[in-house]
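S.K.: Read off the chains here:
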Amino acid sequence: MSVFQDLLKEEIKRLSELKKKYEKEIVSFPKGTLSKKIRNGKPYLYLAYREKDKVKFEYVGKEDSEKVQIIKELIVKRQDINQKLKQVNKELNELLKSVHE
Amino acid sequence: MNNNQTIFEELLNLLHEKDVLRHIILIGSWCLPIYRVYFNNAPEVPILRTMDLDILVPTKLNISNTIDVPSILKSIGFDETFSHLTGHSKYVHPEMEVEFMVAEYGKGKKEPYTIKPFNVLAQGLRYMSLVMEHSITVTYKGIPVCVPDPKAFVFLKFLVSTKRKDSLKREKDLKTAAELGDFLMMRSDQRSKLKSVFSSMHKNWQKTLLRVLSEQSNPLLDVLIKKKT
Chain W
14 MSVFQDLLKE
24 EIKRLSELKK
34 KYEKEIVSFP
44 KGTLSKKIRN
54 GKPYLYLAYR
64 EKDKVKFEYV
74 GKEDSEKVQI
84 IKELIVKRQD
94 INQKLKQVNK
104 ELNELLKSVH
114 E
Chain X
118 MNNNQTIFEE
128 LLNLLHEKDV
138 LRHIILIGSW
148 CLPIYRVYFN
158 NAPEVPILRT
168 MDLDILVPTK
178 LNISNTIDVP
188 SILKSIGFDE
198 TFSHLTGHSK
208 YVHPEMEVEF
218 MVAEYGKGKK
228 EPYTIKPFNV
238 LAQGLRYMSL
248 VMEHSITVTY
258 KGIPVCVPDP
268 KAFVFLKFLV
278 STKRKDSLKR
288 EKDLKTAAEL
298 GDFLMMRSDQ
308 RSKLKSVFSS
318 MHKNWQKTLL
328 RVLSEQSNPL
338 LDVLIKKKT
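In the order they appear, the protein sequences are chains W and X. First residue of the first sequence: 14, per the working numbering; consecutive thereafter. First residue of the second sequence: 118, per the working numbering; consecutive thereafter.
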């Protein structure tokens, strides 16, 4: 087997492991985005996410609360992992295609 | 196992046996499988490597007798050739190519550098003092192998990318550096020391590195320019 094919197989294995890792990691983060609602003139934040065909709003807290800050950070992290997962999927698909060609 | 992986391990074993390995630092993409082991097989560590195995020979070698490295390489099927451009020696195997490097300072020179204790002609390379100042020893398949500290490796890849004329090689350098850098930033033990390695670098190198990171919109930039609070 050629060096190139060996490397290709090795990279496919690595990317598959990475994909599994990201997929496992991503479910531990809150899904959805933060949505602001004004109640009696004051802003309150809700976690908005889709469940089946409905959008659900889960109360998080006041805009300046610690809980909101934590959720914001977690959402940024989830988006980052999501981005990486997309990239891994893209590379993996390209490699798998080239193996089967 | 891959053929060139077998050759790589055979070569490491032999260089270790002949007391060469402890004097040299492995640089280039073959450090990646070593990092994979160092980081407990983390899949985030990229592993794509070229056929070129680059070996850095430190400026001050503490060896009393000459060790004939070319004959060691020849014993496992490497042929000695010489670069047409620089005259440095290359050891070519169907699965791999070995080259020796030394740190180049100042204006540099066109001729190869003679490494008498190893009987090889090496190529001068920029930024190598960074590697010599920041290296680690990793036990790989039972053999102690000296490689650049992964933080220095990431910085080096970004810096070297600015010198590349081949756009494919430049892209590969940037991709490897970005992937490994990203992984290091996620690890608290590595992230906390990124800045100290950066601070130890020559001011001009720091500027070049920050410029590349900015061009690449790499999040490492924030870590390096963030002031201590």
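Honestly, the hints are just simulated from the structure, not real lab data. Here the structure is a predicted model, which is why all the values come from computation and not from measurement. Think of the CB as a built atom: it goes at the ideal place given N, C-alpha and C, for glycine as much as any other residue. Do not take every clue at face value.
Unchecked claim - Counterexamples of contact, computed for chain X against chain W with all Cβ distances above 12 Å:
1. N120
2. N121
3. Q122
4. R139
5. R166
6. T167
7. K207
8. E212
9. K282
10. S316
Unchecked claim - With a Cα cut of at most 25 Å, we get these calculated PhoX-like pairs of lysine-lysine:
11. W:K22 with X:K292
12. X:K282 with X:K310
13. W:K34 with W:K110
14. W:K22 with X:K289
15. X:K177 with W:K34
16. W:K26 with X:K286
S.K.: Does the structure break any of the earlier hints, and which numbers would those be?
M.R.: 1, 2, 3, 5, 6, 8, 12, 15
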